[in-house]
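Chains as they are written, first to last, in the working numbering: chain D, 1 to 171; chain V, 1 to 330.
In short, the hints are calculated from the structure, not lab data.
Keep in mind that this is a model prediction, so the values were computed, not measured.
Beta carbons: idealized from backbone N, C-alpha and C, even for Gly.
Fair warning: there could be bad hints in the mix.
[To be verified] Have a look at the derived ranges for each label pair, beta carbon to beta carbon: (1) Gln197/V with Ser129/D: 14 to 24 Å; (2) Asn110/D with Gly287/V: 20 to 30 Å; (3) Ala152/D with Ile55/V: 33 to 43 Å; (4) Ala155/D with Gly280/V: 24 to 34 Å; (5) Gly287/V with Asp33/D: 53 to 63 Å.
[As the list claims (entries may be wrong)] Straight-line Cα separation of at most 20 Å, DMTMM-like style, residue types lysine to aspartate or glutamate; simulated pairs: (6) Lys127/D with Asp69/V; (7) Lys32/V with Asp62/V; (8) Lys132/D with Glu190/V; (9) Lys149/D with Glu271/V; (10) Lys127/D with Asp47/V; (11) Lys73/D with Asp17/D; (12) Lys58/V with Asp76/V; (13) Lys148/D with Glu271/V; (14) Lys32/V with Glu82/V; (15) Lys75/D with Asp64/D; (16) Lys81/D with Glu27/D; (17) Lys109/V with Glu128/V; (18) Lys81/D with Asp12/D; (19) Lys143/D with Asp64/D; (20) Lys109/V with Glu73/V; (21) Lys127/D with Asp184/V; (22) Lys112/V with Glu82/V; (23) Lys132/D with Asp184/V; (24) Lys279/V with Asp267/V; (25) Lys127/D with Asp256/V; (26) Lys149/D with Glu82/V; (27) Lys132/D with Asp100/D; (28) Lys112/V with Asp79/V; (29) Lys106/D with Asp121/D; (30) Lys148/D with Asp267/V; (31) Lys132/D with Asp254/V; (32) Lys109/V with Asp69/V; (33) Lys112/V with Glu73/V; (34) Lys112/V with Asp47/V; (35) Lys69/D with Asp33/D; (36) Lys42/V with Asp31/V.
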Amino acid sequence: MRKVNTMMVNADIFVRDIPGQLVGSLEPISLADGNIVGVVHNRDSVVNGRIAVNITFEIGSVEDLERLKGIWKSKDIIISKMSSVIETYPMEYVLIGNIDAARIEKIINNAGKAVSLESVDIRFSSKMSENKRTAMISANVRKSDDIKKLNAFMASACTKANIVCIRGVGQ
Amino acid sequence: MRIVIAGFGTVGRGFAEVLQMKSDLLSSLDDKIKIVAAFDSKSYVTDADGLDPLILVKRKKDTGSVGSDAMKEGTDVLDSVEYDVLVDTSPTDIRTGGDGLRYIEHALKHGKDVITVNKGPLALKFRELNELAEKNGAVLRFEGSVGGAMPIINLCAENLKGERVRSIRGIFNGTCNFILSRMDTGLPFEQALREAQQLGYAESDPSYDIEGIDTACKVVILANSIFSRDVTFSDVSITGITSVSAEAIALASDHDMVIRLIGEVSDTVLEVSPRLIPKGHPLSVSGTLNTAQIITDLAGPITVSGRGAGRIETASAILSDLIAIIDRRR
């Protein structure tokens, strides 16, 4: 399984408008084993003696993020917004058998009930052989726990439908 | 070190050739090696003073038989000579374990060390054979049974002693890998299989390879020997490559992936199935090579690769087991 990103976090924080505060707000990200992707430091907008900083960073886990939030709080850094927390695991399947778009859609809809799907992409082969069609499903799940669940669901659904299911090597 | 070679077929012949090729190395050992008996399905030959490996190979080549005496029961041949190590290269029988299972059991019961490349007995009776060896103070080694010349069993057992092996995934069947590699170029399955047969990579009845049976045997051997599991062939979830279509290969390729038959084993997994592999991944290799990725707790992933079949290649694994036994006896 290829883990494309751990958690990509976008945060709006307010730091006091005195020298050293910007660096002081970024250092804790490294302390929490995070990786800074981008920083927008808006010096023109000062509210109650604080300036807004928008930071985008990767971080390994929810626990690390909580640790970071604790450090910021201890440094009197105000978090005004934190969003776009994405944790995805790519999953790939090739299905071979008597399949059509409606059948695949049904499988995916049911998969969506079993796990948290972030995104799904389906491609069909242009050719058929022996009345069998081939489809490739590329999906992203949000939780690592969902990897096994989705694999089990796909294996079961495909077995019931007499469809061959080939999954990714790391899944 | 007195050796009996059981099943003097392709691999047995290769082993005799290797003994000759490595005579300088072997003559430097304290314990001199000599073949005191060899037998195949038709004939046997014994000599307490030692048989010339090259004469055995020549006779087999010229007459189709290794010995001049008509074959009797193999265990009787074993009983008729004094020996230290049985080298079992008899054909694999995954249903019953075949003659090889009887020879191995017989040798171990008599406290003789055994080296085997025969997957059947190991896939069916691994625990029983190991218990038999332990009970009788004998050693059972089988490096050549998985991956031919590719070191994996002894690598994990001896060189990665401090590691916890989390999982092993690998390409353990060169025939399937050749077929799937040829399908990468646009050939349909049937044509790729025919080509494999013409080149001698696949048998006229290829089901043992393409149905995943051969790989499953190897997965069982790895599970029992490296993960200390107690599993047998029937415990493996097996899907072969016959259902892999040219369209599936093409779709995978559009996504920068290939399809390979992967054997996977861990504390909880025991599976053989075609899997999607990203191009550039260590398991995306082409051709007849065997490749395994060992995931360990300290060293992370370790990848080994080598020729999975061939008489000299497999014989090289037997030789390494033999030298290990000699070292152990010092």
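To see whether the hints hold, each was checked on the structure:
no. : hint                               : in the structure
1   : Gln197/V with Ser129/D: 14 to 24 Å : holds, 21 Å
2   : Asn110/D with Gly287/V: 20 to 30 Å : violated, 40 Å
3   : Ala152/D with Ile55/V: 33 to 43 Å  : violated, 59 Å
4   : Ala155/D with Gly280/V: 24 to 34 Å : holds, 27 Å
5   : Gly287/V with Asp33/D: 53 to 63 Å  : violated, 41 Å
6   : Lys127/D with Asp69/V              : violated, 60 Å
7   : Lys32/V with Asp62/V               : violated, 28 Å
8   : Lys132/D with Glu190/V             : holds, 16 Å
9   : Lys149/D with Glu271/V             : holds, 17 Å
10  : Lys127/D with Asp47/V              : violated, 64 Å
11  : Lys73/D with Asp17/D               : holds, 16 Å
12  : Lys58/V with Asp76/V               : violated, 25 Å
13  : Lys148/D with Glu271/V             : holds, 15 Å
14  : Lys32/V with Glu82/V               : holds, 15 Å
15  : Lys75/D with Asp64/D               : holds, 17 Å
16  : Lys81/D with Glu27/D               : holds, 19 Å
17  : Lys109/V with Glu128/V             : holds, 11 Å
18  : Lys81/D with Asp12/D               : holds, 5 Å
19  : Lys143/D with Asp64/D              : holds, 16 Å
20  : Lys109/V with Glu73/V              : holds, 17 Å
21  : Lys127/D with Asp184/V             : holds, 16 Å
22  : Lys112/V with Glu82/V              : holds, 10 Å
23  : Lys132/D with Asp184/V             : holds, 19 Å
24  : Lys279/V with Asp267/V             : violated, 27 Å
25  : Lys127/D with Asp256/V             : holds, 19 Å
26  : Lys149/D with Glu82/V              : violated, 58 Å
27  : Lys132/D with Asp100/D             : holds, 10 Å
28  : Lys112/V with Asp79/V              : holds, 11 Å
29  : Lys106/D with Asp121/D             : holds, 14 Å
30  : Lys148/D with Asp267/V             : holds, 15 Å
31  : Lys132/D with Asp254/V             : holds, 19 Å
32  : Lys109/V with Asp69/V              : violated, 26 Å
33  : Lys112/V with Glu73/V              : holds, 18 Å
34  : Lys112/V with Asp47/V              : holds, 18 Å
35  : Lys69/D with Asp33/D               : holds, 13 Å
36  : Lys42/V with Asp31/V               : violated, 31 Å
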